Amino acid sequence: MSMTEPRTQPGMNAVHTAGRLRSALPPRRQASVVLLACLVPALLSGCFTDTQRFPGMLKPLSNPLPEGVKSTFLRGPEDAYVIRHSDPVSVRTAETTSTVRLTYYDKRTRTPAGSWVYSGPNGHVEVLLPGNTVITMRGPSAGVVGSESRREPAFTFIDVAHATVTFGELGIVQLPGGALLEAYGGPFVLELISDDILRVRNRSSQQGAIAYREELFSLSPSEVVDLALLQVGTAPFELDEASRDVLTEAGRVEIRGTVDVLSSGLSARLRASGDSEISGFGQTLRLDPGDEVLFEGLGSEAERQARNSPPSGTP
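According to full-length UniProt numbering, the sequence shown is numbered sequentially starting from 1.
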(Lines of atoms letter the chains of each structure in order from A; the text may use other names.)
(Lines give C-alpha, C1' and ligand atoms only; values in the text may rest on other atoms or scores of the structure.)
Protein backbone atom coordinates (compact mmCIF):
# COMPACT_ATOMS: atom_id res chain seq x y z
CA MET A 1 0.00 0.00 0.00
CA SER A 2 1.36 3.39 -0.96
CA MET A 3 1.88 6.15 1.52
CA THR A 4 -0.65 8.38 -0.31
CA GLU A 5 -3.56 5.90 -0.03
CA PRO A 6 -5.99 6.86 2.86
CA ARG A 7 -6.29 4.55 5.87
CA THR A 8 -9.66 2.88 6.48
CA GLN A 9 -11.06 1.32 9.67
CA PRO A 10 -11.93 -2.43 9.73
CA GLY A 11 -15.74 -1.99 9.34
CA MET A 12 -15.69 0.60 6.65
CA ASN A 13 -15.41 -1.90 3.77
CA ALA A 14 -18.80 -3.52 4.65
CA VAL A 15 -20.52 -0.14 4.88
CA HIS A 16 -19.18 0.96 1.57
CA THR A 17 -20.12 -2.40 0.01
CA ALA A 18 -23.78 -2.12 1.20
CA GLY A 19 -23.94 1.42 0.03
CA ARG A 20 -22.66 0.44 -3.40
CA LEU A 21 -25.28 -2.37 -3.59
CA ARG A 22 -28.14 -0.01 -2.71
CA SER A 23 -26.93 2.48 -5.21
CA ALA A 24 -26.70 -0.28 -7.80
CA LEU A 25 -30.45 -1.13 -7.43
CA PRO A 26 -32.85 0.98 -9.46
CA PRO A 27 -35.35 3.16 -7.45
CA ARG A 28 -38.36 1.00 -8.45
CA ARG A 29 -36.63 -2.16 -7.22
CA GLN A 30 -35.77 -0.45 -3.92
CA ALA A 31 -39.45 0.49 -3.37
CA SER A 32 -40.51 -3.11 -4.05
CA VAL A 33 -38.05 -4.45 -1.50
CA VAL A 34 -39.27 -2.02 1.16
CA LEU A 35 -42.94 -2.86 0.43
CA LEU A 36 -42.24 -6.59 0.58
CA ALA A 37 -40.45 -6.18 3.90
CA CYS A 38 -43.56 -4.46 5.32
CA LEU A 39 -46.06 -6.97 3.93
CA VAL A 40 -44.33 -10.16 5.05
CA PRO A 41 -44.96 -9.65 8.83
CA ALA A 42 -48.59 -8.70 8.17
CA LEU A 43 -49.16 -11.77 6.00
CA LEU A 44 -47.51 -14.07 8.52
CA SER A 45 -49.67 -12.71 11.37
CA GLY A 46 -52.85 -13.49 9.40
CA CYS A 47 -51.99 -17.10 8.69
CA PHE A 48 -54.35 -19.28 10.78
CA THR A 49 -56.60 -22.29 10.35
CA ASP A 50 -60.38 -22.06 10.93
CA THR A 51 -61.50 -25.37 12.45
CA GLN A 52 -65.19 -24.39 12.54
CA ARG A 53 -67.13 -26.80 10.33
CA PHE A 54 -70.38 -26.25 8.52
CA PRO A 55 -72.73 -24.83 9.69
CA GLY A 56 -71.13 -21.77 11.17
CA MET A 57 -71.25 -20.56 14.76
CA LEU A 58 -74.67 -19.85 16.23
CA LYS A 59 -75.64 -16.22 16.55
CA PRO A 60 -77.72 -14.88 19.47
CA LEU A 61 -81.34 -14.09 18.67
CA SER A 62 -81.16 -10.95 20.80
CA ASN A 63 -78.36 -8.72 21.94
CA PRO A 64 -77.92 -8.37 24.83
CA LEU A 65 -79.16 -11.78 25.92
CA PRO A 66 -82.19 -11.90 28.26
CA GLU A 67 -81.65 -12.31 31.97
CA GLY A 68 -83.48 -15.63 32.12
CA VAL A 69 -83.89 -17.21 35.55
CA LYS A 70 -81.43 -14.75 37.10
CA SER A 71 -84.28 -12.25 37.36
CA THR A 72 -86.94 -14.84 38.27
CA PHE A 73 -85.55 -15.83 41.67
CA LEU A 74 -83.79 -12.92 43.36
CA ARG A 75 -81.48 -13.07 46.35
CA GLY A 76 -83.25 -12.87 49.71
CA PRO A 77 -82.12 -12.18 53.27
CA GLU A 78 -82.75 -15.75 54.48
CA ASP A 79 -80.11 -18.48 54.36
CA ALA A 80 -80.38 -22.23 53.85
CA TYR A 81 -77.95 -25.02 54.69
CA VAL A 82 -77.39 -27.64 51.99
CA ILE A 83 -75.93 -31.06 52.85
CA ARG A 84 -74.86 -33.56 50.20
CA HIS A 85 -75.39 -37.21 51.15
CA SER A 86 -74.55 -38.85 47.81
CA ASP A 87 -73.41 -37.69 44.37
CA PRO A 88 -74.26 -35.80 42.28
CA VAL A 89 -75.41 -32.62 44.06
CA SER A 90 -74.89 -29.04 42.85
CA VAL A 91 -75.81 -25.58 44.11
CA ARG A 92 -76.22 -22.39 42.11
CA THR A 93 -76.08 -19.26 44.22
CA ALA A 94 -78.81 -16.67 43.73
CA GLU A 95 -78.38 -14.26 40.78
CA THR A 96 -75.48 -16.23 39.29
CA THR A 97 -75.23 -18.54 36.28
CA SER A 98 -72.59 -21.02 37.46
CA THR A 99 -73.09 -24.09 39.64
CA VAL A 100 -70.83 -25.48 42.35
CA ARG A 101 -70.53 -29.24 42.75
CA LEU A 102 -70.56 -30.49 46.34
CA THR A 103 -67.81 -33.08 46.73
CA TYR A 104 -66.98 -35.68 49.35
CA TYR A 105 -64.50 -33.35 51.06
CA ASP A 106 -66.75 -30.29 50.79
CA LYS A 107 -70.27 -31.63 51.21
CA ARG A 108 -71.89 -28.74 53.12
CA THR A 109 -72.56 -25.17 52.09
CA ARG A 110 -74.59 -22.18 53.16
CA THR A 111 -76.56 -20.42 50.45
CA PRO A 112 -78.99 -17.46 50.38
CA ALA A 113 -82.63 -17.45 49.37
CA GLY A 114 -83.06 -17.52 45.61
CA SER A 115 -80.42 -20.23 45.15
CA TRP A 116 -81.00 -23.41 43.16
CA VAL A 117 -80.33 -26.91 44.50
CA TYR A 118 -79.83 -29.81 42.08
CA SER A 119 -79.80 -33.55 42.67
CA GLY A 120 -78.85 -35.85 39.82
CA PRO A 121 -79.44 -39.58 39.31
CA ASN A 122 -78.56 -41.46 42.52
CA GLY A 123 -78.11 -38.10 44.22
CA HIS A 124 -79.37 -37.38 47.73
CA VAL A 125 -79.44 -33.86 49.18
CA GLU A 126 -80.89 -32.32 52.34
CA VAL A 127 -81.88 -28.66 52.61
CA LEU A 128 -82.34 -27.06 56.05
CA LEU A 129 -84.58 -24.00 55.84
CA PRO A 130 -85.46 -21.29 58.38
CA GLY A 131 -88.10 -22.37 60.88
CA ASN A 132 -86.68 -25.92 61.10
CA THR A 133 -88.25 -26.94 57.79
CA VAL A 134 -86.32 -29.79 56.15
CA ILE A 135 -86.41 -30.74 52.46
CA THR A 136 -84.82 -33.95 51.15
CA MET A 137 -84.55 -34.85 47.47
CA ARG A 138 -83.46 -38.12 45.86
CA GLY A 139 -82.84 -38.74 42.19
CA PRO A 140 -83.21 -36.16 39.41
CA SER A 141 -84.73 -33.20 41.26
CA ALA A 142 -84.33 -29.44 41.43
CA GLY A 143 -85.69 -26.68 43.63
CA VAL A 144 -85.21 -23.08 44.71
CA VAL A 145 -84.88 -21.73 48.24
CA GLY A 146 -87.65 -19.20 48.84
CA SER A 147 -87.77 -15.95 50.80
CA GLU A 148 -90.66 -15.93 53.24
CA SER A 149 -90.01 -12.25 53.99
CA ARG A 150 -91.17 -11.58 50.42
CA ARG A 151 -94.21 -13.84 50.97
CA GLU A 152 -92.72 -16.59 48.82
CA PRO A 153 -93.07 -20.32 49.53
CA ALA A 154 -90.30 -21.67 51.73
CA PHE A 155 -89.16 -23.91 48.87
CA THR A 156 -90.17 -24.21 45.21
CA PHE A 157 -89.88 -27.60 43.53
CA ILE A 158 -88.99 -27.23 39.86
CA ASP A 159 -88.66 -30.95 39.22
CA VAL A 160 -88.86 -33.92 41.56
CA ALA A 161 -88.37 -37.67 41.44
CA HIS A 162 -88.72 -38.42 45.15
CA ALA A 163 -88.75 -35.87 47.97
CA THR A 164 -89.93 -35.41 51.55
CA VAL A 165 -91.03 -32.22 53.28
CA THR A 166 -91.06 -31.81 57.06
CA PHE A 167 -92.38 -28.49 58.34
CA GLY A 168 -90.98 -27.15 61.59
CA GLU A 169 -93.81 -24.64 61.74
CA LEU A 170 -96.82 -23.78 59.60
CA GLY A 171 -95.39 -23.25 56.14
CA ILE A 172 -95.94 -23.49 52.40
CA VAL A 173 -93.96 -25.16 49.63
CA GLN A 174 -94.68 -24.96 45.92
CA LEU A 175 -95.04 -28.26 44.10
CA PRO A 176 -94.00 -28.85 40.47
CA GLY A 177 -96.47 -27.08 38.23
CA GLY A 178 -97.38 -24.40 40.77
CA ALA A 179 -99.73 -26.12 43.26
CA LEU A 180 -99.17 -25.16 46.91
CA LEU A 181 -98.81 -27.52 49.88
CA GLU A 182 -99.54 -25.92 53.26
CA ALA A 183 -99.12 -27.93 56.43
CA TYR A 184 -97.48 -28.27 59.83
CA GLY A 185 -95.23 -31.16 60.78
CA GLY A 186 -94.48 -34.03 58.46
CA PRO A 187 -93.15 -35.80 56.63
CA PHE A 188 -95.09 -35.29 53.41
CA VAL A 189 -93.76 -37.52 50.63
CA LEU A 190 -93.68 -36.40 46.99
CA GLU A 191 -93.20 -39.03 44.32
CA LEU A 192 -93.38 -38.76 40.54
CA ILE A 193 -95.13 -41.98 39.55
CA SER A 194 -95.34 -41.07 35.84
CA ASP A 195 -94.42 -38.22 33.53
CA ASP A 196 -97.62 -36.33 34.35
CA ILE A 197 -98.73 -37.64 37.76
CA LEU A 198 -97.34 -36.44 41.10
CA ARG A 199 -98.32 -38.40 44.20
CA VAL A 200 -98.46 -36.62 47.57
CA ARG A 201 -98.66 -38.77 50.69
CA ASN A 202 -99.28 -37.51 54.23
CA ARG A 203 -97.22 -39.57 56.65
CA SER A 204 -97.60 -37.14 59.53
CA SER A 205 -100.12 -36.90 62.33
CA GLN A 206 -101.20 -33.43 61.19
CA GLN A 207 -103.57 -32.35 58.46
CA GLY A 208 -102.37 -30.63 55.31
CA ALA A 209 -103.98 -28.75 52.44
CA ILE A 210 -103.16 -28.53 48.73
CA ALA A 211 -104.31 -25.58 46.61
CA TYR A 212 -104.61 -26.95 43.08
CA ARG A 213 -106.05 -24.59 40.46
CA GLU A 214 -109.63 -23.88 41.62
CA GLU A 215 -109.69 -26.76 44.12
CA LEU A 216 -108.54 -26.98 47.74
CA PHE A 217 -107.77 -30.55 48.81
CA SER A 218 -107.64 -31.53 52.47
CA LEU A 219 -104.97 -34.14 53.15
CA SER A 220 -105.57 -36.04 56.38
CA PRO A 221 -102.97 -38.35 57.99
CA SER A 222 -102.21 -41.42 55.83
CA GLU A 223 -104.18 -40.00 52.90
CA VAL A 224 -102.79 -39.94 49.37
CA VAL A 225 -103.68 -37.64 46.47
CA ASP A 226 -102.50 -37.90 42.86
CA LEU A 227 -102.09 -34.56 41.09
CA ALA A 228 -102.06 -34.23 37.30
CA LEU A 229 -99.16 -32.12 36.01
CA LEU A 230 -100.85 -30.03 33.33
CA GLN A 231 -99.08 -28.12 30.59
CA VAL A 232 -101.01 -24.98 31.54
CA GLY A 233 -99.78 -25.28 35.12
CA THR A 234 -101.40 -26.21 38.41
CA ALA A 235 -101.03 -22.92 40.29
CA PRO A 236 -104.07 -21.82 42.34
CA PHE A 237 -106.39 -19.43 40.57
CA GLU A 238 -106.40 -15.86 41.81
CA LEU A 239 -109.94 -14.69 42.36
CA ASP A 240 -110.98 -11.56 40.57
CA GLU A 241 -112.26 -8.73 42.76
CA ALA A 242 -115.49 -8.79 40.77
CA SER A 243 -115.95 -12.53 41.28
CA ARG A 244 -117.05 -14.65 44.19
CA ASP A 245 -116.28 -18.22 45.17
CA VAL A 246 -119.41 -20.32 45.75
CA LEU A 247 -119.52 -23.84 47.20
CA THR A 248 -122.40 -25.69 45.55
CA GLU A 249 -123.70 -29.21 46.09
CA ALA A 250 -121.65 -30.37 43.10
CA GLY A 251 -118.45 -28.56 44.08
CA ARG A 252 -116.73 -25.19 44.17
CA VAL A 253 -117.31 -22.70 41.32
CA GLU A 254 -116.20 -19.14 40.67
CA ILE A 255 -118.93 -16.74 39.55
CA ARG A 256 -118.64 -13.33 37.87
CA GLY A 257 -121.81 -11.38 37.33
CA THR A 258 -125.36 -11.97 38.55
CA VAL A 259 -126.07 -15.68 38.95
CA ASP A 260 -128.70 -17.45 41.04
CA VAL A 261 -127.62 -20.80 42.50
CA LEU A 262 -130.41 -23.40 42.59
CA SER A 263 -129.21 -26.61 44.27
CA SER A 264 -130.94 -29.96 44.17
CA GLY A 265 -129.35 -33.04 45.74
CA LEU A 266 -125.84 -33.63 44.43
CA SER A 267 -126.43 -31.40 41.40
CA ALA A 268 -126.37 -27.62 41.17
CA ARG A 269 -128.37 -25.54 38.69
CA LEU A 270 -127.21 -21.98 38.07
CA ARG A 271 -129.28 -19.35 36.29
CA ALA A 272 -127.82 -16.11 34.92
CA SER A 273 -129.76 -12.89 35.46
CA GLY A 274 -127.28 -10.90 33.33
CA ASP A 275 -124.07 -11.32 31.39
CA SER A 276 -122.13 -13.73 33.58
CA GLU A 277 -119.17 -16.08 33.60
CA ILE A 278 -118.79 -19.30 35.58
CA SER A 279 -115.47 -21.10 36.10
CA GLY A 280 -115.22 -24.53 37.63
CA PHE A 281 -114.56 -28.21 37.03
CA GLY A 282 -111.81 -27.37 34.51
CA GLN A 283 -113.92 -25.17 32.23
CA THR A 284 -115.18 -21.60 31.85
CA LEU A 285 -118.74 -20.86 30.68
CA ARG A 286 -120.08 -17.49 29.52
CA LEU A 287 -123.83 -17.09 30.05
CA ASP A 288 -126.30 -14.64 28.59
CA PRO A 289 -129.29 -13.44 30.62
CA GLY A 290 -131.69 -16.33 31.18
CA ASP A 291 -129.15 -19.08 30.43
CA GLU A 292 -128.93 -22.00 32.82
CA VAL A 293 -126.20 -24.54 33.49
CA LEU A 294 -126.39 -27.77 35.46
CA PHE A 295 -123.43 -29.22 37.37
CA GLU A 296 -123.64 -32.76 38.72
CA GLY A 297 -121.42 -34.42 41.28
CA LEU A 298 -119.80 -37.83 40.93
CA GLY A 299 -122.61 -39.53 42.83
CA SER A 300 -125.44 -37.93 40.89
CA GLU A 301 -125.30 -40.47 38.03
CA ALA A 302 -125.82 -43.44 40.35
CA GLU A 303 -128.45 -41.53 42.27
CA ARG A 304 -130.30 -40.68 39.04
CA GLN A 305 -130.19 -44.27 37.85
CA ALA A 306 -131.54 -45.48 41.17
CA ARG A 307 -134.26 -42.85 41.05
CA ASN A 308 -135.27 -43.64 37.47
CA SER A 309 -135.14 -47.44 37.83
CA PRO A 310 -138.49 -49.15 38.56
CA PRO A 311 -139.08 -50.69 41.99
CA SER A 312 -137.88 -54.25 42.46
CA GLY A 313 -141.42 -55.70 42.68
CA THR A 314 -142.74 -53.94 39.55
CA PRO A 315 -143.57 -56.37 36.70
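Note that these hints are calculated values from the structure, not bench results.
Every value quoted in this text rests on a predicted model; they were computed, and no experiment measured them.
Be aware that one or more of the hints could be misleading.
Label pairs and their calculated CB-CB ranges [unchecked claim]:
1. Gly131 - Ile158: 32 to 40 Å
2. Thr93 - Asp245: 35 to 43 Å
3. Leu247 - Asp291: 37 to 45 Å
4. Leu294 - Ser218: 21 to 29 Å
Think of the CB as a built atom: it goes at the ideal place given N, C-alpha and C, for glycine as much as any other residue.
Exercise. Identify every previously stated hint that the structure contradicts and give their numbers, smallest first.
Key: The structure conflicts with hints 1, 3, although it agrees with all the remaining ones.
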